[in-house]
Structure formats: structure tokens, C-alpha cells
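Line by line, the protein sequences give chains A and B.
Position 302, counted from 1, in the first sequence is what UniProt numbering calls 302; the numbers after and before it change by one each time, with no gaps.
Position 252, counted from 1, in the second sequence is what UniProt numbering calls 252; the numbers after and before it change by one each time, with no gaps.
Think of the hints as simulated: they come from the structure by calculation, not from any bench.
Heads up, some of the hints might be wrong.
No distinction is drawn between identical chains; accordingly, a pair holds when it is met within one copy or between any pair of copies.
Unchecked claim - Below, computed lysine-lysine pairings styled on DSSO-like, alpha-carbon distance capped at 30 Å:
(1) K305 <-> K412
(2) K386 <-> K206
(3) K141 <-> K411
(4) K426 <-> K111
(5) K206 <-> K412
(6) K111 <-> K327
(7) K419 <-> K327
(8) K295 <-> K111
(9) K302 <-> K412
(10) K411 <-> K111
(11) K412 <-> K327
(12) K295 <-> K412
(13) K412 <-> K301
(14) K324 <-> K206
(15) K295 <-> K206
Predicted model, so just to flag it, every value in this text is computed and none were measured.
2 protein chains.
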Amino acid sequence: MLCFGTLVLKFFREMGKIFHVVSLKHLLLVSIALNVSLILRVINISEKKILHSNSAHVSKNIHLSSSPSSSSLTSFANARIEAQDGEERVINLDHGDPTMYEKYWQQEGDKTTIVIPGWQSLSYFSDVSNICWFLEPEFAKEVVRLHKVVGNAITENHHIVVGTGSTQLFQAALYALSPQDALEPISVVSAAPYYSSYPSITDCLKSGLYKWAGDAHSFKKEGPYIELVTSPNNPDGFVRQSVVNRSEGILVHDLAYYWPQYTSISFPADHDLMLFTVSKSTGHAGMRIGWAIVKDTEVAKKMTKYIELNTIGVSKDSQLRAAKVLKVVSNSCESSSSEGENFFEFSHNQLATRWELLRLAVQKSGQFSVPEFAPQFCTFLGRDFKPQPAFAWLKCEQEEVNDCESFLRSKKILTRSGKHFGFSPKYVRISMLDRDQNYNLFVERLSSIFSS
Amino acid sequence: MLCFGTLVLKFFREMGKIFHVVSLKHLLLVSIALNVSLILRVINISEKKILHSNSAHVSKNIHLSSSPSSSSLTSFANARIEAQDGEERVINLDHGDPTMYEKYWQQEGDKTTIVIPGWQSLSYFSDVSNICWFLEPEFAKEVVRLHKVVGNAITENHHIVVGTGSTQLFQAALYALSPQDALEPISVVSAAPYYSSYPSITDCLKSGLYKWAGDAHSFKKEGPYIELVTSPNNPDGFVRQSVVNRSEGILVHDLAYYWPQYTSISFPADHDLMLFTVSKSTGHAGMRIGWAIVKDTEVAKKMTKYIELNTIGVSKDSQLRAAKVLKVVSNSCESSSSEGENFFEFSHNQLATRWELLRLAVQKSGQFSVPEFAPQFCTFLGRDFKPQPAFAWLKCEQEEVNDCESFLRSKKILTRSGKHFGFSPKYVRISMLDRDQNYNLFVERLSSIFSS
């Protein structure tokens with residue numbers, strides 16, 4: 001498959017040169033559209049053979065819902081069953097379902113297979129000597145090892161708190177960091193464009209402890225506040241730092257995407273409270289496992305207390321499975337041939353190809369733009385590269401299109417509108433982590449959108 | 001082990017007869033104390049051989065914490081590592097850790113072993129055609145089958161919503177049933193003694209949607225309210241119905257203990273919203289899997305939405321494992337010899353023995369009382385029996401003891417005070433689901449407590 005990707009890239013590059021030389025622009029555009037379409041169809045056919053088991057992803061369409069896209073997974077799920085076969089099928093890239101990673105794990109075979117006997121893990125307790133009493137020691141060990149191998153976070157003298165995904169840990173952090181007896185809820189802010197679920201998660205129970213206060217750039221209220229720093233950022237992929245910078249600020253660093261397939265690892269992060277998740281690091285979203293690295297002991301205790309009240313701990317089965325997956329990832333990084341292909345090299349290359357394809361499709365269409373990034377040296381991969389985020393933050397450049405999400409929906413491409421991220425609806429967020437078949441159909445369709 | 005239990009019971013029964021005949025009461029009490037102690041020691045020795053792998057449960061003591069028992073699992077965890085070997089060791093029965101069930105699952109061998117390859121369950125989605133899009137179809141199927149086999153709940157024309165334990169589903173229910181735009185939070189009530197975690201879970205985030213309003217018996221406020229009906233009840237084991245009975249009431253039925261090892265199954269429950277959990281049905285608390293059976297489609301949708309916001313779904317690994325466990329349980333009920341011992345018969349018998357031992361210890365000591373239950377016909381086991389709850393609701397009958405939890409703590413027995421259940425501190429809740437070794441040590445110690 002990567003050979004096909006490389007072919008497509010070469011083809012695009014050659015075509016790019018021709019653009020400059022011959023300048024028969026309109027004629028060539030039509031020609032390229034035809035060719036890209038053909039090449040991507042070839043890729044699709046070869047992938048259909050590989051991914052025969054993944055047909056559930058794009059299934060039968062009855063009709064395409066006319067309701068606007070929301071950030072709701074429920075709507076996403078509904079949309080998925082409304083997809084249609086063939087040219088007209090709906091491509092749903094609204095959510096960051098990391099199925100791109102299936103290929104690597106299939107290739108690695110039985111290495112990460114886990115066997116759990118029926119009498120295992122009956123107790124609520126995993127490690128009664130740990131503040132986080134439901135943390136499986138084997139999982140904690142592999143988290144520490146992986147961060148050391150990758151060099152993306154300091155774990156020494158920090159506590160590890162496991163959560164049912166980093167979403168639960170985000171709420172545990174809010175609970176732990178909010179004053180318990182304040183007269184009013186503490187403000188929770190993040191610089192726009194911010195992760196679309198932050199506002200709804202923060203406010204869903206109308207908590208008296210904390211309250212969503214919007215874009216950190218325009219936050220002026222005096223007093224204590226919590227600032228969420230997502231770096232690299234979801235949706236736009238830029239490396240970030242806090243923006244409010246006042247003495248009473250408490251920071252939560254969401255580092256879900258601080259892995260070398262997405263961005264250069266420049267230094268081991270060493271913040272007070274850092275969130276990670278297997279969903280974005282290894283692709284195992286169905287496990288629902290995340291972890292927090294926490295400096296302060298009292299904060300770790302309160303986060304543990306929240307998870308105790310919320311779910312009485314975290315699935316042991318998934319923790320044990322995650323431990324095995326992280327172990328195989330670390331092994332793949334440390335040795336060369338015997339332990340299989342380096343997980344991060346493999347997924348880095350997949351994303352590099354996808355981003356090149358996307359940029360070429362954007363260039364060919366002429367109707368869109370995506371962020372430009374500066375290259376940076378990665379201490380893990382030992383080379384410079386530009387960020388290649390898990391999401392594309394795409395802008396509709398046509399003057400007449402104010403609602404990019406609706407525009408793409410009319411092309412049967414489902415994305416998430418910029419408005420959910422506290423930003424302009426001229427932007428949409430597009431998942432870059434879907435299966436090849438779907439992703440390639442997407443770039444093919446995007447490249448063929450021309451000005452009407 | 002059951003042979004030893006039966007021996008002990010026979011011994012007690014014989015001794016009971018002697019009580020009536022000879023009336024040399026005080027002399028006999030001393031004699032029985034010695035004998036019970038010896039017999040239980042024999043049981044302990046034989047169990048130590050069986051349960052060699054369970055030594056983590058009661059480990060080394062540095063010192064016994066002097067802080068009062070709380071309903072916190074964190075304190076429980078701390079107390080566990082402070083236990084001491086031998087006669088003086090701490091017996092921690094504060095929490096209902098269902099490790100009693102390990103024996104059955106060890107006996108059943110590989111039947112419930114699950115194998116999960118590394119490329120499985122990467123997606124967030126399980127069944128996009130279901131309202132609860134993160135519900136594994138295999139798990140849903142086995143839930144329906146088990147309720148049919150046991151006859152304890154109607155599932156036809158109901159929705160199943162899976163949760164990270166029934167604790168998460170309880171919160172999902174509060175979210176789904178609370179009016180979103182009311183001027184004040186809806187009152188949440190339950191008849192005392194009520195499950196000790198209800199108040200803290202309900203109020204932990206100071207939600208503007210719902211608020212704990214205490215004992216349902218004394219609830220007088222006009223307007224809508226949510227009443228939690230736990231039946232059989234935690235902590236006291238009695239079968240319950242709603243007590244407020246006003247037109248604006250919304251009921252949530254927590255049926256975690258409505259299984260034939262604990263209580264007679266009199267009819268298939270058919271309420272609007274019913275909660276169940278594997279922790280108490282099969283003993284797999286470490287899986288963190290519960291399910292709700294929900295009549296109203298909109299309520300099922302909102303509960304799903306809460307779980308999406310809270311944890312973006314529920315561990316697929318644990319759902320798949322739970323599916324296998326439920327399947328083996330159903331199989332064990334439907335066929336006789338080839339599919340192993342009937343799970344419910346086995347655990348029913350275990351609890352029957354434990355309750356008899358407890359009642360005899362209470363009788364021997366003369367310092368305590370436990371609830372008396374009337375027998376009822378069980379449609380599943382086909383016979384009459386008295387409830388044998390997962391917790392003993394023990395009362396200190398000594399006039400001078402007002403704080404039963406502290407009193408038992410001085411005897412190195414950790415329990416949960418009645419005050420956490422909205423009730424008198426003369427009561428404590430004691431887990432009946434610990435491993436044999438710990439349970440037997442407990443009844444031995446309890447039986448030897450005499451008036452000072």
C-alpha cells in the first residue's frame with residue numbers, strides 16, 4: 001500500500017513541475033482529476049483485499065441525514081449506518097476513530113494477544129500500596145518505560161493515575177483542582193480553537209465546582225482559573241503553551257498527541273498534570289484506557305477519589321491488555337529486526353504519506369487550505385520533520401462558503417465544524433486516522449472539488 | 001471446603017440442642033468458643049493450601065490506622081496493607097469485594113478464558129445500529145439470555161445500556177432523568193438505610209441538575225423527585241418497593257443483588273429503569289461492567305450520551321470477557337453435568353453456609369443481632385429459602401456500645417458504620433463476599449466477643 005502512496009506522490013510532484021512549465025492550467029486540472037481518481041481507485045481495490053474485515057466502517061445508506069453535523073458520537077454512529085456503497089457513499093471523518101492503526105497490529109500478529117482466565121481480576125483492587133489503588137502495576141511499569149523510550153515525558157517523582165480514557169481523567173483533574181468550598185465555580189478555559197468536547201464535558205452536569213469560560217485568549221476574569229493546554233493541539237496540530245499566564249492559573253496539559261507519529265519530540269514534558277491515552281498513542285480506542293502523570297500527591301489522591309466515585313476504578317482487563325500493547329511498542333523501538341517494525345516509524349510514515357496526499361489534493365482543488373508547519377528536530381526519530389497531526393484543520397477558502405461543514409456535507413464528506421471548537425465555521429476538523437480505504441476516497445473526492 | 005462448613009454447622013446444631021437440655025450455659029459457651037476456634041483453624045489451614053495465590057488480601061501490618069472507618073475505598077486500600085499475620089491481623093470487611101467467587105471460577109478452569117488479539121477492538125464503536133453505540137452485541141445477547149434463564153428481569157422491548165459498572169449507570173440515570181432546564185436541582189432520595197455511596201456520588205460535583213435529599217421516608221418536598229429503590233437492599237438485604245409514591249416521582253431500581261444466590265426470585269422485574277452489575281452477579285468486580293435495562297427510548301439515549309461525555313464508551317475488552325462469563329453462567333444453569341456445576345447453586349450454597357455460621361457466631365457471642373428474614377419461594381431454584389444477603393447488617397446490642405464500627409475496629413474487624421447509610425451507628429455493614437480464609441477468621445473472632 002505504501003508503494004501505491006509513493007507512486008501517487010511522485011505523480012503529483014511531476015504534475016506540479018508541469019504546472020510551472022507548461023501553464024496549460026485548466027486542461028491539466030481536468031487531466032489530473034482523472035488520473036488521481038484512477039490511481040486512488042487502484043489503491044482502493046488493493047486495500048479492499050487487505051481490509052476485507054473492515055467493511056462495517058462504510059456500510060449501507062438509506063438516506064443522508066439532513067441535520068447538521070454535531071460533535072456528538074451518537075450522531076456520528078447514526079451517520080455511519082447511513083453511508084452508501086460506491087461513488088456516492090458518505091465518508092465520515094467527523095470523529096478521530098483511530099482505525100488506521102489496525103494494519104500495524106495485524107502485521108505484528110500474536111505479539112500483543114492477551115489471554116485472561118475466568119478467575120483473574122475479580123477484586124476491585126489492583127495495588128493497595130499505591131495511591132491509585134486500581135492501577136495495575138504492570139500497566140504502570142509499561143507507561144514509565146514507554147515514556148523513557150520515547151523521551152516525551154518525565155515520570156520520575158510523579159504519580160500515575162489510570163482512567164477510563166483521558167476523558168475521565170480530564171474530569172478527575174477538574175474535580176481535583178477545583179476549590180471545594182468556593183463561592184462560585186472556578187473558570188475553565190482553553191485557547192480557541194479548542195477540543196470541541198471540553199465545553200460539553202465541563203458543563204454537562206452544571207457543576208458548582210467548575211464552569212466552562214471559553215476561549216483563553218479573551219479570558220479576563222480575576223481570580224483562580226484552570227487552563228487546558230492541548231499540545232499538539234486538537235484540532236489544529238500546533239504545539240502550544242499556556243496563554244493566560246496569571247499567578248492564580250492552574251494548568252492541565254493534554255498531551256494525547258505528543259507522540260512521534262504526529263509531531264517532533266523536542267524534550268521530555270515535565271508539567272504538573274499531563275494526560276495521555278492509548279486511543280491516540282497506539283490506536284486502541286476501544287480499550288478506554290488513559291493515564292495522568294501527576295506531580296502533586298494531593299492532586300493524585302483527589303483524582304483517584306473522583307474515579308472511585310465515578311466508576312469504582314478502571315477495567316483491569318483493559319489495563320492488562322494496554323500493558324502488553326505498550327510493552328510491544330517499547331520493544332519495537334528498542335531492538336531492530338527481531339521485535340518487528342518500529343511502531344512509531346511505521347505510523348509516522350503512514351501519516352507522512354497521508355499529509356502529502358492531503359496537501360496535494362488541497363493544492364489541486366484550489367478551494368481549501370490546511371495549516372503550514374515549520375520543521376523541528378525530533379529527538380526520538382533523530383531527524384527534522386514538520387508536524388503531521390491526527391486531524392486536518394481545513395479551511396474553505398471560497399468566499400461564498402461560510403459554512404465549510406455544510407459545504408463538505410453536500411459532497412458527502414462528514415467533518416466537524418469549526419464552530420464546535422470556538423472558531424469560525426469556515427473551518428472544519430477532519431480525522432486523519434481512518435482506514436486507508438476511507439481516507440483515500442476522501443482525498444480523491446476532495447481533490448475533485450472545484451469552484452462552481 | 002463445604003464439607004468442613006457442613007461439619008461446623010452440624011457441630012453448632014448439636015451444641016444448640018445441648019443448650020436447651022443441659023442449661024450449663026456459661027460452661028458450654030467457653031467450651032464452644034474453644035471448639036469453634038479449633039474447627040475454623042482447620043478450615044483455614046485447608047484453605048490456605050487452596051488459596052495460596054490470594055495472600056495479597058491480608059498482608060503485613062505496620063500499625064492499625066486510628067482514623068475512623070469511612071465509606072472510602074482509598075481508606076479501605078490503606079487499611080488492607082496495614083493488616084497483620086496471625087491472631088491479631090486486621091479483617092477488612094468494609095467493602096463488598098466479591099472474591100468469594102474466585103473459587104467457582106478456578107474450579108471451572110478454562111471455560112471462561114478469553115483471548116484478545118492486538119488488532120481487535122481499536123475503534124470506539126461497537127454497534128452503530130444500536131442507540132447505545134458502544135454496546136458489544138455479544139454482551140447484549142448474553143445479558144438477555146441470562147435474564148431469561150434466571151427469570152429475574154424482563155428485557156423484551158427494553159434497551160440495554162452498558163456502563164463502567166452500575167455506578168456509572170446510576171449517574172447516567174440521574175443525568176437522563178433530571179430536567180435540563182429546571183430552576184433548582186431535582187431531589188434524589190432513597191429509604192434509609194440506603195447504599196452509603198449514593199449521597200457522595202450524587203453530590204460530588206455539586207450538580208445543578210440533581211441533589212441528594214436524604215431518606216425517602218422523611219421526604220416531604222413537593223414537585224418532581226428521583227427515588228432509588230435498591231432491592232434486595234444494600235446494606236440490609238430486605239426486598240424493597242418505593243416508599244414516597246407520589247405522582248411526580250421517577251424510580252430507579254438498583255437490582256444488583258436480585259440474583260438467586262442472595263434472594264428468592266419471585267418474578268421477572270419489569271421496571272422503567274433497572275441496574276445490574278457483573279460485580280455482584282458473577283463476582284467480576286475488576287471488569288467494571290454493569291448494565292441498565294431501560295424502557296424509554298429517550299432515557300436510553302440520554303444515558304448513552306452521559307457515558308459518551310463521561311468516558312466515550314465502555315471497555316470493549318471487558319464487555320467481551322463479561323459476555324463469555326455470562327454465557328458460561330447460563331450454560332451452567334441450562335445443562336446439568338457436562339457444563340459444570342450450576343453457578344447459582346454453588347454460590348447460593350456458599351452463602352447459605354456463611355449465613356448459618358454468622359447466625360451461630362452471633363448467637364454464641366450474645367452481643368449482636370442480624371436481620372431475620374421470612375422464607376419465600378424462588379422460581380429459579382424451585383424451593384423456599386430465606387434471603388442470604390451479600391452484606392450482614394449487624395447491630396451491636398450492648399447498651400454501652402453506641403458506635404458499633406469503633407467497637408469492632410477495637411477487635412480488628414473493619415466494617416462500615418450505619419451512619420454512612422443514613423442510619424444509627426449502632427449498626428454496621430459487613431461484607432459476606434470475602435475469601436473463605438478471611439470470612440472464617442471473622443466469624444471465629446465475632447463468636448468469641450463476650451460482654452466485658
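Here's how the hints hold up against the structure:
no.: 1; hint: K305 <-> K412; verdict: between (45 Å within a copy, 25 Å between copies)
no.: 2; hint: K386 <-> K206; verdict: neither (40 Å within a copy, 44 Å between copies)
no.: 3; hint: K141 <-> K411; verdict: neither (47 Å within a copy, 38 Å between copies)
no.: 4; hint: K426 <-> K111; verdict: neither (44 Å within a copy, 56 Å between copies)
no.: 5; hint: K206 <-> K412; verdict: neither (36 Å within a copy, 42 Å between copies)
no.: 6; hint: K111 <-> K327; verdict: both (10 Å within a copy, 28 Å between copies)
no.: 7; hint: K419 <-> K327; verdict: neither (39 Å within a copy, 46 Å between copies)
no.: 8; hint: K295 <-> K111; verdict: neither (33 Å within a copy, 43 Å between copies)
no.: 9; hint: K302 <-> K412; verdict: between (45 Å within a copy, 28 Å between copies)
no.: 10; hint: K411 <-> K111; verdict: neither (41 Å within a copy, 50 Å between copies)
no.: 11; hint: K412 <-> K327; verdict: neither (40 Å within a copy, 41 Å between copies)
no.: 12; hint: K295 <-> K412; verdict: neither (46 Å within a copy, 35 Å between copies)
no.: 13; hint: K412 <-> K301; verdict: between (47 Å within a copy, 26 Å between copies)
no.: 14; hint: K324 <-> K206; verdict: neither (38 Å within a copy, 38 Å between copies)
no.: 15; hint: K295 <-> K206; verdict: both (28 Å within a copy, 26 Å between copies)
Hint violations for this structure: numbers 2, 3, 4, 5, 7, 8, 10, 11, 12, 14, all remaining hints satisfied.
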